[in-house]
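J.: Chains as they are written, first to last, in the numbering used here: chain A, 1 to 454; chain B, 1 to 308.
Quick caveat, the hints were computed from the structure, so don't treat them as lab data.
Where hints are given, some of them may not hold.
For lysine-lysine, the following DSS-like pairs were computed, each having C-alpha atoms within a straight-line distance of at most 27 angstroms [as the list claims (entries may be wrong)]:
1) B:Lys212 x A:Lys376
2) B:Lys203 x A:Lys373
3) A:Lys279 x B:Lys203
4) A:Lys373 x B:Lys204
5) A:Lys155 x A:Lys181
6) A:Lys100 x A:Lys212
7) A:Lys181 x A:Lys125
These numbers were taken from a predicted model, which means no experiment stands behind them.
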Amino acid sequence: MAFESLTEKLQNVFKNLRSKGRLTEEDVKTALKEVKMALLEADVNFRVVKQFVKAVEERAVGQDVMNGLNPGQMVIKIVNEEMITLMGSETTEIAMQPGKAVTVIMMAGLQGAGKTTATAKIAGKLKTKGKKSLLAACDIYRPAAVEQLQINGKKMDVDVFSMGTDHRPVEIAQEAVAYAKKNGHNVVILDTAGRLHIDEDMMKELQEIKEKVSVHQTLLVVDAMTGQDAVNVAREFDEKVGIDGVVLSKMDGDTRGGAALSIKAVTGKPILYVSMGEKLSDMEQFYPDRMANRILGMGDVLSLIEKAQESIDLDEEKSRDMAGRMKKGKFDFEDYLESMRQMRNMGGLSSILGMLPGMGGRGADLESMVDEKQLKHMEAVVLSMTKQERRNPKLLNPQRKHRIARGAGVDIAVVNRFIKQFEQAQKMMKQFGGGKKGRGRFGGFPGMGGRLPF
Amino acid sequence: MSEEKKGFFARLKAGLAKTRDNIVRGIDSVFSGFSAIDDDFYEELEEILIMGDIGVNATTRIIERLRGQIRERHIKEPSECKQLLIEGIREQMRVDDTAYDFEKEQSVILVIGVNGVGKTTSVGKLAGKLKDQGKKVLIAAADTFRAAAGDQLAEWARRAEVPMVGGNEGADPASVVFDAVNAAKARGVDVLLIDTAGRLHNKKNLMEELRKINRIIDREYPGVHRENLIVLDGTTGQNALVQAREFGEVADLTGIILTKMDGTAKGGIAVAIQSELNVPVKYIGVGETIDDLQKFNSDDFVNALFEI
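Next comes chain A alone, as it looks inside the complex (with noise of 0.2 angstroms):
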């Protein structure tokens, strides 16, 4: 939900746009300063804030935009293509050696950017894809960083390289890339140590390294929370050691982006990934469309399906199953067991709730509103009834309920109130069970205050 502040203030200009029947041109250069303002207080960098509004401009004080149906619409639409230029049209995957040869990745960044955890996370995304990767410690100068690798890897389950710091980072490239050879790796990814853009001799380390070893793809690593720095820093290391592609880091945290605006515009170099989250996980494919949409607080639907395909294993005929259930208002406590471990797949409620029309804006309440650790009492509540029980809610007389009490260390009171939502769930499933299809997936669970518009 990096955007979410972002898209509140757009949301804010174009509603006014929207309600417009005809727009004269003050009325678009009025809208345009505004996104002008937003897009400065997002940190996206000056000159191609210049640039992306003049581009807007050009096309949104057009005769036909102006005298069109909807004129406002249409600007939103052109704010939205313009963004999605800007952010680089297409989805750019990491170039891969063909066959069997061995790929060298490079990261590279400022101090603090997060290359280690990128590093880790990226093996893990090319697990995924049958690559077996090797990760190479050539940070030797800050403290514990070959630890740091060192466990991340353990945890991702992915081999680490390390000589420990006494010799070069060169040295270790070399012996990584031949030791990968060796050992059948395909993918050696080499975590340097962070350097500043304007450090000559640090500089010259990495264009040693990449003349040295073969490097076939350099990935800065950027902190997504960069100011109007962050193309400077870009274009820096990509005329002294030039580089393939950007990993933005951090992009969990709240009101900004800029910087993932900015680059690809200024340097040309795609954005290959987003890094989300604590999580050695939390590594997302970039799309520049999708992101331009959840900018404008669209939604981003396609990505949400497409995590829903990826980390539930689908169980088709489980899910219609359950839907049958839900209409009749037969969802008992098993069916809430299965979806709580779905949603949770699929990186937690919060997480999806961002990507949904509308809801981009609302971001800052989502936390609020959904409280992870009420779910996960809840669960325990759930987890400590039996199986019989599960099935058969109507079974749950006060003696039983006190034990699930204590079973799942929660209140009496809590329990009760649970069993009581979760009836009234029940009940309000099966008025929508004539209803659209799938709507009362997620519907009405307890433990989010009923709150939720689904």
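Starting from the known structure of chain A, fit chain B onto it as the hints suggest.
T.: Leaving out everything else, chain B in the frame of chain A:
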């Protein structure tokens, strides 16, 4: 000026060179490129300040003040505006005399911030500096989340020759802090430095954890001088403001450590933060050695920024 200090400002200046190139060159061209002080002039000025990460709001405020002064003093020449502008920023950045009072008493310094801003490094450097002043220092490694964070801090503790407690990955950070505070009391430590895990300010659970840590220090060590320093990456854009605001919600901020100021095009965010939140920048980091962390001085900062 001592030898060490000179070296530091040389570095700060070198580090800020790019910012200066951006801001000053831009400003110079505005001041000399315009023949009159008109709307275009102000607009251009506004854009330059924003380019320096000063942010929309702080920029607007600076420009408004400038407009007022120009009207009052009947200034007609764009070139005369430059000094006014510099003075304005300098004034805004001034640090209170009492900012470093914690050095005189027994104190607990809690170091907080988002991931990768340089918390652990800053704690290490601060420990070294305070130790050099003859203080009895204790470091607490309450970052029990990030892989090898404890090892990293242990290395800094070794360099600074100060003892460290905690540091086991996966341990409860609140319990580390509890133990550290009690150890500090028992050993009669002058300064307890607590390194915490990086956390994004929009992660509710992690922020609650921090609130708890903050509360534990208050409860276990009443009356001690408290410093809650947020570490902000100097390259961060406007989000640094949000960070400062949100962290301030769970633990009252007493100051800022602004790191990585030896890169390019930053410094502007420091102005924005001072302007919007009134939290002073107390330390500034311009490099990787212990001496590269220094007390913040607005005169030197602005001088370096504008190369006076």
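J.: So, for every hint listed, does it hold in this structure?
T.: Quick rundown of the hints versus the structure:
A C-alpha spacing of about 21 angstroms is found between Lys212 (chain B) and Lys376 (chain A), which places the hinted pair at or below 27 angstroms, so the restraint holds. At roughly 13 angstroms between alpha-carbon atoms, Lys203 (chain B) and Lys373 (chain A) fall within 27 angstroms of each other, so this suggested pair holds. As the CA atoms of Lys279 (chain A) and Lys203 (chain B) are separated by approximately 13 angstroms, the hinted pair is consistent with the 27 angstroms bound. At roughly 11 angstroms between alpha-carbon atoms, Lys373 (chain A) and Lys204 (chain B) fall within 27 angstroms of each other, so this suggested pair holds.
With a CA separation close to 23 angstroms, the supplied pair Lys155 (chain A) and Lys181 (chain A) stays within the 27 angstroms bound. About 21 angstroms separates the Cα atoms of Lys100 (chain A) and Lys212 (chain A), which keeps this hinted pair within 27 angstroms; it holds. Of the supplied pair hints, the one linking Lys181 (chain A) and Lys125 (chain A) holds, its CA atoms being roughly 21 angstroms apart against a limit of 27 angstroms.
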